[in-house]
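For the protein sequence lines, the chains are A and B, in the order given. In terms of my numbering, the first sequence opens at residue 3 and continues consecutively. In terms of my numbering, the second sequence opens at residue 3 and continues consecutively.
By construction, these hints were calculated from the structure, which means they are not laboratory data. Some hints could be false.
Any copy will do: because identical chains look the same in the list, a pair fits if it lies in one copy or spans two.
[Stated by the list, open to error] Straight-line distance between alpha carbons at most 30 Å, and here's what the computed DSSO-like set of lysine-lysine pairs gives:
#, residue 1, residue 2
1, Lys-123, Lys-53
2, Lys-157, Lys-123
3, Lys-157, Lys-37
Being a predicted model, the structure only gives us computed values, none of them experimental.
There are 2 protein chains.
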Amino acid sequence: MGRWEPNARERLAKAALELYRERGYEQTTVAEIAKRAGLTERTFFRHYADKREVLFDGSGALQELAVSGVVGAPESAAPLDAMAAGLEAASGWFADRREHARQRQAVIVANAELRERELIKLASLSAALADALRGRGVAEPTASLAAEAGMAVFKVGFQRWIAEAEEATLSQLMRESMAELKAVTAHGQARPGR
Amino acid sequence: MGRWEPNARERLAKAALELYRERGYEQTTVAEIAKRAGLTERTFFRHYADKREVLFDGSGALQELAVSGVVGAPESAAPLDAMAAGLEAASGWFADRREHARQRQAVIVANAELRERELIKLASLSAALADALRGRGVAEPTASLAAEAGMAVFKVGFQRWIAEAEEATLSQLMRESMAELKAVTAHGQARPGR
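Go ahead and model the full structure; you've got the sequences and the hints to work with.
If you want it as structure tokens, here you go:
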């Protein structure tokens with residue numbers, strides 16, 4: 003083991019994102035990332051399995067937070083309100099990472115392999131949330147529908163949050179998107195959003 | 003060009019699905035598919051680019067049908083009702099293919115690469131439907147939320163339709179799932195589905 007490097011993990015992530023933006027994800031090597039961060043390749047591999055992992059490092063923690071939000075919602079909460087609690091818990095994880103999230107999204111959108119990976123992570127999150135709802139006693143197909151509806155709110159709220167010049171918090175935008183979803187699905191409502 | 007082979011396309015698709023089920027997708031070669039169908043490899047490649055394409059052959063036609071359903075909905079239809087019209091149009095495409103859909107799903111679930119491909123096709127369908135809604139004058143984020151909500155109904159309805167022993171039609175199950183989504187998202191409703 004080499005010597006301890008302060009904030010090595012964060013420095014590597016920052017360097018990787020900079021290089022992916024400057025040169026493209028495919029053109030960037032682990033050696034270049036380590037050099038930019040002022041660290042060694044060996045240090046890189048102590049923190050990340052490969053250069054893709056740098057971009058998806060947080061997805062496990064995010065899923066745990068969202069699931070714990072659903073599990074911890076009041077027992078009386080309806081399925082979609084439990085989902086809203088999960089989204090609120092997830093929002094906290096992103097709070098001070100808006101610029102990072104913008105940069106990361108630009109890298110992912112530009113690469114087919116990364117887009118696939120992102121879709122798989124989102125599908126996995128949806129499945130975990132449906133599972134958490136079933137754990138609350140919610141029957142199928144309600145659990146899957148509520149989970150998917152919550153994921154729709156998450157995706158749309160997140161896209162708005164990383165849009166240029168958007169200043170509202172992710173938590174606010176999730177709540178707005180949830181209200182909008184309820185308006186869209188309200189039976190007999192006259193053409194919402196038109 | 004070889005001689006004309008009656009129903010070559012369908013015979014190849016049927017043979018491929020049989021072999022993917024029997025031996026696994028990865029273990030099956032194009033030569034084996036052609037042999038099982040009583041055709042040549044050359045004929046296979048006149049119909050399909052590769053062995054994966056056999057499984058995703060219909061996704062373009064499905065997307066066109068769903069989009070045309072949204073575009074053709076009455077001008078007065080609310081966004082989610084236009085989505086329902088799209089799902090109804092898409093249901094028709096599947097009508098006499100339940101057993102095929104079951105077999106296909108079993109193959110896709112068993113292979114990571116195919117699951118990724120399926121997720122991309124679904125994301126592409128969702129984007130095309132949001133685009134069709136915007137073409138009807140539906141503003142963002144309503145268009146994206148309605149499209150994603152409709153996709154949730156599609157996924158859940160489809161899963162129910164291919165479940166063993168399920169006898170209701172896809173169209174019926176889509177309508178039930180849509181009603182269930184509306185119940186899940188109805189503001190103030192007491193814990194639907196519990």
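Copy assignment of Lys-123 with Lys-53, given that the CA separation must stay at most 30 Å: both (17 Å within a copy, 26 Å between copies)
Measure nothing new, just compare the shortest in-copy and cross-copy C-alpha distances for Lys-157 and Lys-37 to 30 Å and report within, between, both or neither. Answer is neither; intra-copy 35 Å and inter-copy 45 Å both fail.
When no copy is named, should Lys-157 and Lys-123 be tagged within, between, both, or neither for a Cα gap of at most 30 Å? both (12 Å within a copy, 17 Å between copies)
In summary, the structure is inconsistent with hint 3 from the numbered list given earlier, while agreeing with all the others.
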